[in-house]
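Number of protein chains: 2
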Amino acid sequence: MPARVKRLSRTESVAQTRTRLLDAAEEVFAEHGFGATTLERIAERAGYTRGAVYANFASKDDLFLAVLDRWLDDDIEHGGRINAESPSVRDAFDRLRELPGNRFADRNRFLLLTEFRLYALRNPEVAPRLAEYERRGIAWYTDAIRARAADLPVPAEQLAAIVLAMENGIATLAHVAPDTVRHDAFVDALEMLTGLR
Amino acid sequence: MPARVKRLSRTESVAQTRTRLLDAAEEVFAEHGFGATTLERIAERAGYTRGAVYANFASKDDLFLAVLDRWLDDDIEHGGRINAESPSVRDAFDRLRELPGNRFADRNRFLLLTEFRLYALRNPEVAPRLAEYERRGIAWYTDAIRARAADLPVPAEQLAAIVLAMENGIATLAHVAPDTVRHDAFVDALEMLTGLR
DNA sequence: GTCTATACGAAGATAGAC
DNA sequence: GTCTATCTTCGTATAGAC
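Top to bottom, those sequences are chains A and B.
Position one of the first sequence corresponds to residue 1 (UniProt numbering), numbered consecutively onward.
Position one of the second sequence corresponds to residue 1 (UniProt numbering), numbered consecutively onward.
Hints in this document: simulated from the structure, not taken from any laboratory.
None of these values were measured; they are calculated from a predicted model.
Check each hint, because a few of them may be wrong.
Heads up, the list lumps identical chains together, so a pair's fine if it works in one copy or across two of them.
What the hints assert, rightly or not - Straight-line Cα separation of at most 25 angstroms, SDA-like style, residue types lysine to any residue; simulated pairs:
no. : residue 1 : residue 2
1   : K60       : D75
2   : K60       : A131
3   : K60       : D74
With the hints as extra help, turn the sequences into a complete structure.
Have a look at this one:
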């Protein structure tokens, strides 16, 4: 009866390789884009060779989609936490400023999401996953708005879409023209619009 | 003294080839992205072979940058016209609705601009060109706002950046999740914020 | 399960014909 | 100036060793 311990550690080891490959892939896809990233670079970054990649994923597209699915799930989970932990509007804004000011302020995070969207726009079979992600983003803001404001002059969903659009748009401008727009211009705008300033 | 006419037509022919190649490149880069487009496809779409491409451009990057520069110039010129031809806010909004509702509603237009931005983010030497483009976009809205509103509670530039961000963000959502967000949600938002509705 | 070696195709770039 | 042919590099994917 050789080692129950060993079977477990083997399983963990496999999972670890997969995780490392996904982590590396996430970085490299963000840095170079889908088209320009090579599986060689991903394997190297993860500390393996291409063989390990093909042992875990069927193809480059398959790996990309695995990265995409994991990322979208994590993001939605993370967003839910922020909302639940911020009882007042003031709290939510303060939390937001720590991010800093915009969920998409992190360069790689922004690049990766942009890659996902481009991929979805060019691969119709993937489009529904991204559309669902955007819907959840709007739903997230809709909840946040409804929980803190009553008697809105317009539907909460409409405001939510505008807020999400602003968050995305300001992140875009701040990344491309950092000397002109700052990431926390998003919180500034929210405070201005809600009259909290 | 053989044919002044002929020299001219030769010059025009050269310019025409260049223009056709740029037009084709603009389409193909938008459809497939920088990484996945091949010079073969571009040449084919323009009705030439790769030889014609290399006769007119030094490399794939050189061609991409030529497309980028022409596009940015045209866009700025076009934007200026819309502003000058719309005396009232109502007129400007009506013009906008014809676009329809968002300057980036055209799929290829949106994809191409996104490619430009990604390229700029990954190629520091190109970044200033895109940053300048974003600045001009903000300047454009700043002028539009100043010309139609007095005694603003916040700097016109700040509002302009927010409006431009909204335009970009709504276009993004509308492209990725067309069943959830419509392109003219941008004009809706502007009308709501300006109290014109 | 991971690595090494390799097959295979694709695409950027160049050279020479016209 | 444009085309055809070719060189060369590179990257995906596979096969077989360990």
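Against the structure, the hints come out as follows:
no.: 1; hint: K60 with D75; in the structure: within (22 angstroms within a copy, 36 angstroms between copies)
no.: 2; hint: K60 with A131; in the structure: within (22 angstroms within a copy, 33 angstroms between copies)
no.: 3; hint: K60 with D74; in the structure: within (21 angstroms within a copy, 37 angstroms between copies)
Checked against the numbered hints above, the structure breaks none of them.
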